[in-house]
Amino acid sequence: MKTCIACGMPMENISDFAANDQGKDYCVHCSRPDGEMQSFEEKKENLTKFIVRTQGFDESAAGKIAENMMRKLPAWKKYFD
Amino acid sequence: MRVSTRQTQKSNTRKKIIETAYRIFSEKGFSVPTSIIAKEAGVSHGSIFVHFPTLNDLLICLLSDFGDNMGASLHMLAKKCYSVENLLKEHLNVLEEYEAFYSRLILEKNRLPDEAKSTFVIIQSTVAFHFSSVIDREIEKGTVKKLPIHILFNTWLGLVHYYLLNKEFFSDSNGSVIRRYRAELLSTYLNLIKKESEVYE
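Protein chains in written order, with my numbering: chain A, 1 to 81; chain B, 82 to 282.
Honestly, the hints are just simulated from the structure, not real lab data. These numbers were taken from a predicted model, which means no experiment stands behind them. Every residue, glycine too, gets a C-beta built ideally from N, C-alpha and C. Treat the hints with care, as some may be off.
[Stated by the list, open to error] For lysine-lysine, the following DSSO-like pairs were computed, each having C-alpha atoms within a straight-line distance of at most 30 angstroms:
no. : chain 1 : residue 1 : chain 2 : residue 2
1   : B       : K198      : A       : K2
2   : A       : K49       : B       : K248
3   : B       : K160      : A       : K2
4   : B       : K161      : A       : K2
5   : B       : K248      : B       : K170
6   : A       : K77       : B       : K198
7   : A       : K49       : B       : K97
8   : A       : K72       : A       : K44
9   : B       : K96       : A       : K49
10  : A       : K49       : B       : K120
11  : A       : K72       : B       : K96
12  : B       : K170      : A       : K2
13  : B       : K190      : A       : K49
14  : B       : K222      : B       : K198
15  : A       : K64       : B       : K160
16  : B       : K227      : A       : K64
17  : B       : K97       : B       : K160
18  : B       : K222      : B       : K97
19  : A       : K44       : A       : K77
20  : B       : K276      : B       : K222
21  : B       : K97       : B       : K190
22  : A       : K44       : B       : K161
23  : B       : K227      : B       : K275
24  : B       : K248      : B       : K161
25  : B       : K96       : B       : K222
26  : B       : K160      : B       : K222
27  : B       : K91       : B       : K170
28  : A       : K49       : A       : K72
29  : B       : K120      : A       : K44
30  : A       : K78       : B       : K248
31  : B       : K190      : A       : K64
[Unchecked claim] Quick list of simulated restraints, FRET-style, between CB atoms:
no. : chain 1 : residue 1 : chain 2 : residue 2 : range
32  : A       : E59       : B       : I187      : 21 to 27 angstroms
33  : B       : K170      : A       : N13       : 21 to 27 angstroms
34  : B       : K226      : A       : E41       : 19 to 25 angstroms
[What the hints assert, rightly or not] Facing chain A, from chain B, some residues (calculated, C-beta under 7 angstroms):
no. : residue
35  : S199
36  : I203
37  : A209
38  : S213
39  : S214
40  : I230
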C-alpha cells in the first residue's frame, strides 16, 4: 500500500489520492484544489493549525512539532539537509 | 534469497535487545544503563551499539513499534466511520497492551532525548488526528456536544493519564489499571460529551 510522501497517511482507496489519481504519491489532504502538491510552507502552516485545533498547543510549539513531523517524510527531507 | 546463519543470528540478537530493553525500561525507567540491558539480554555490551549506536536509536525503535501499532489500529477504525466509543475502546486496547511502557513514557517524557520526545509527541498527534476525524463526524451528526476538539481530546487523555500516573493508588496489585477501570472511564467520559438523548449505558 502506498503512503503519502507529504504526510505519511496510508492511501488505500482512490478517494485518498490527490485528484483521485492513484499515480500520485501524495494524498488528498496534501494537495491544492488543482491537484498539485502543497508547498513546504503551506503544508507546515496547515499542520500547525491542525495541531492547535486538535491538541490546543501554543502556535510556536505546534510549528516545531509540524517541522519534526515533516522532517521524516520523503517530500520534505531536502528542506532539512 | 537464502538468509545466512550470520544474518539470522544478527536479527535474533536485535530482537533480544529490543524485547529486553522494552521490559527493563517498562519496569525500571529509561535511565537504566545499556550495560544492564546487554547483561539481561545475554549479549555483549558492544553488540547493543552495533544495532543501536545511541540510546536514542534504541528508544526510537521501541517508540516506533508502539506508534505503528497505535496508528494502524486507530486508522482502520477511523476509516470505517466507527463511533467515538469504538475509537476510545481501541485506544484503551492499545494502551493496555503497552501499559507499563506507556506509563513510563508519560512519567519520564521530559527527560527523554529530544528526538525520542518528539517521536512521542508525533504519536499523540496521530491519535489526536483520528480522534478529531471521528469526533467531527459525531458533532456534525449531533450526537456529541459542540465543544472545542482540543478540550475533548485533552480531557480524555488527561483522565486516562491520571489513572496511569497514580497506579499505586488505583490498584493494589500489578494488574492493569486500564483493564480495571476501562468501563467506568469510558462510560463517564461518553456521558460527559454526548448529547443528553444519546446517554451511554
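**Message:** Restraint: S213/B near chain A, CB-CB cut 7 angstroms. Satisfied or not?
**Reply:** holds (4 angstroms)
**Range hint 21 to 27 angstroms (beta carbons of E59/A and I187/B) holds or violated** = holds (24 angstroms)
**Request:** Measure nothing beyond the straight line between the CA atoms of K49/A and K248/B; if it is 30 angstroms or shorter, mark the hint as holding.
**Result:** violated (35 angstroms)
**Message:** Can you verify the interface hint for S199/B: is its Cβ closer than 7 angstroms to any Cβ in chain A?
**Reply:** holds (4 angstroms)
**Asked** Straight-line Cα separation of K160/B and K2/A no greater than 30 angstroms?
**Response** holds (16 angstroms)
**Interface restraint verdict for I230/B against chain A (beta-carbon cut-off 7 angstroms)** = Where the cut-off is 7 angstroms and the nearest Cβ of chain A is about 5 angstroms from I230/B, the hint holds.
**Asked** Regarding the pair K276/B and K222/B, is the alpha-carbon distance no greater than 30 angstroms?
**Response** holds (11 angstroms)
**Asked** For the pair supplied as a hint, K49/A and K120/B, is the alpha-carbon distance within the 30 angstroms limit?
**Response** Distance ~46 angstroms between K49/A and K120/B Cα, so the pair is violated.
**Asked** Between K222/B and K198/B, is the straight-line Cα distance small enough, at 30 angstroms or below?
**Response** With a Cα-Cα distance of about 36 angstroms, the restraint between K222/B and K198/B is violated, given a limit of 30 angstroms.
**Prompt:** Holds or violated: K72/A with K44/A, Cα cutoff 30 angstroms?
**Reply:** Roughly 13 angstroms between the alpha carbons, so the hint for K72/A and K44/A holds.
**Asked** Holds or violated: K91/B with K170/B, Cα cutoff 30 angstroms?
**Response** violated (38 angstroms)
**Message:** Hint check: K222/B vs K97/B, CA-CA at most 30 angstroms. Holds or violated?
**Reply:** Status violated; Cα separation ~48 angstroms.
The structure fails hints 2, 7, 9, 10, 14, 17, 18, 24, 25, 27, 29, 30, 34, 39 (numbered hints given earlier, in ascending order).
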